[in-house]
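K.L.:
Listed below, chain by chain, are the residues.
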Amino acid sequence: MAEKTIAGKSIAVTDEGYLTNTSQWSKEIAMEMAKEDGIDLGPKHFEILEYLRKEVAAGESLSIRKVGKSGIADVKELYQLFPGGPLKLSSKYAGIPKPTSCV
Amino acid sequence: MKKLLILGAGTAGTMMANKLHKALDKEEWEITIVDQFKTHYYQPGFLFIPFNIYTKQDVIKPKSNFFPAGIKVIYNSIHKIVGDENKVLLQGGQVLQYDYLIIATGAQTRPDETPGLKDKLWYKSIFDFYTIEGAVALQDYFKHFEGGKLVMCIAELPYKCPVAPIEFVCLAEAFFTKKGIRDKVDITYVTPMSGAFTKPVASKMLGDLLAEKNIKVVADFYLERVDNDKKTIVAYDEREIEFDVLTVVPTNMGDEMILRSGLGDDLNFVHTNKHTLQSEKYKNIFVLGDAANLPTSKAGSVAHFASEILFENLMSAIEGRPLMAKFDGHANCYIETGYGKGALIDFNYATEPLPGTFPLPGIGPFGLLKNTKINHYGKILFRWIYWHILLKGKEMPIEADMTMAGKKRI
Ligand SMILES: Cc1cc2nc3c(=O)[nH]c(=O)nc-3n(C[C@H](O)[C@H](O)[C@H](O)COP(=O)(O)OP(=O)(O)OC[C@H]3O[C@@H](n4cnc5c(N)ncnc54)[C@H](O)[C@@H]3O)c2cc1C
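Protein chains in written order, with my numbering: chain A, -11 to 91; chain B, 2 to 411.
No wet-lab data here; the hints were simulated from the structure. What you were told as hints is all true, and nothing was included just to trick you.
Straight-line C-alpha distance at most 30 Å; calculated DSS-like pairs for lysine-lysine:
1. K54(A) with K205(B)
2. K409(B) with K86(A)
3. K205(B) with K(-8)(A)
4. K200(B) with K54(A)
5. K121(B) with K57(A)
6. K119(B) with K57(A)
7. K217(B) with K86(A)
8. K214(B) with K232(B)
9. K86(A) with K205(B)
Kindly generate the complete structure, drawing on both the sequences and the hints.
P.N.:
Listed below in structure tokens is the structure:
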């Protein structure tokens, strides 16, 4: 657990940089976190982030398959929007916990 | 007569039929179990068929051997559950009413979910070993295999028995060494997870084991399609891996019947309360085994531990008491690692696999997250236990709740 200053605010994050208190989230924070990874968030990105926040608030568990069927972007586009690991990255920028893929 | 209906007579359904037959008053309750097939498959045994360790005969028995006398057995395909009306429709129009329903229809492989997987190379140089057909086809293929690139790819999470593909590459490594062609076989393990396994401690142990055996690991690879002409697997991020022979765990899904019944998630796994094992939608429906969307392994051992919780809660529900028993996600898996050795992991929703001894603290005889000969015998013994104790719903000398005794936090 650590405190990090993002977009001028002190935010509680995990060792891997995920927000521990999702209510501290703001668009500015998302933008700055993504910028650190070299990603510029646009409207499409934010549609995904809003979708993820809504699903998590409703207690739903997330998978790439599910987000790919959200109607916002398919899996291929998700990989283009968030290169490397769409669900891991988008969850981080959305201020929600790191997705636990179950075993 | 009150009616208890069980859908699916695999590991979970059979186990439950035996437990409930013993407990419920026979004057008062009629127990019915439905399955589309007459043969019971010991699925953990499929893993050993490609390497001639088991034959097909070792892993099949008639389902009827395992049903208690006095329950009603129907061999037919289940079409749909109508939860609002407490009834189940079978193929051909037969209708079954129930007071309580247990869904145990398991998980199936769905190669059709990945473009190019079930295409012209299917069962020629692409195989699964999650079905009897795939395991036997691969056994034939390996008879004439002289070397090349063997790629083991997991298509998607979750899939049943998460350690099976790791066991597969370990057994393949030993098999080709014994055949004297190990230097001609290049083995690669490709997974959508970030390492050999999801949980950190086990992932490190299993990752080290694969490295020791000179098996390459490609992580974070999410399979998009198979190119049959180029003989490559292609990820959504455009990475490509060449193969001569591809063994694959296709996408695992619950039965289509769950979709038709409106009870499942996007992979047709039933929305289930992870502690009480009751359906999220109907109070008189319970879910056991791979069919449930629980955040733990899809494994026979999990179904076994969960069956004790489900049994208690079902009895409470029948008697109008609150559901007090809470499942903790307990899983216990033997990992066959080749050369007569094995590893063992024991974990639940909250605790990742840790090193130590099992089931007796400090004594064992089994070593957790250790590669030992005795763990291998645990796995071999498991087949006997499966047919003779597990399916019959008899007590096992292991608690349903996971225990920290014997485990070391690191
Ligand atoms: C290769 C492999 C290795 C494994 N190794 C291990 C291991 O080492 N240890 C371990 O604990 N577990 C292991 N497992 C997992 C274990 O086999 C499963 O978790 C277990 O069998 C699940 O039981 P189940 O009753 O939920 O499903 P199943 O046993 O699959 O039973 C489901 C039943 O429902 C029936 N059914 C489904 N839909 C319908 C329908 N519409 N109409 C009629 N009938 C229907 C099916 O015919 C089937 O008989 C392994 C699995 C595989 C594939």
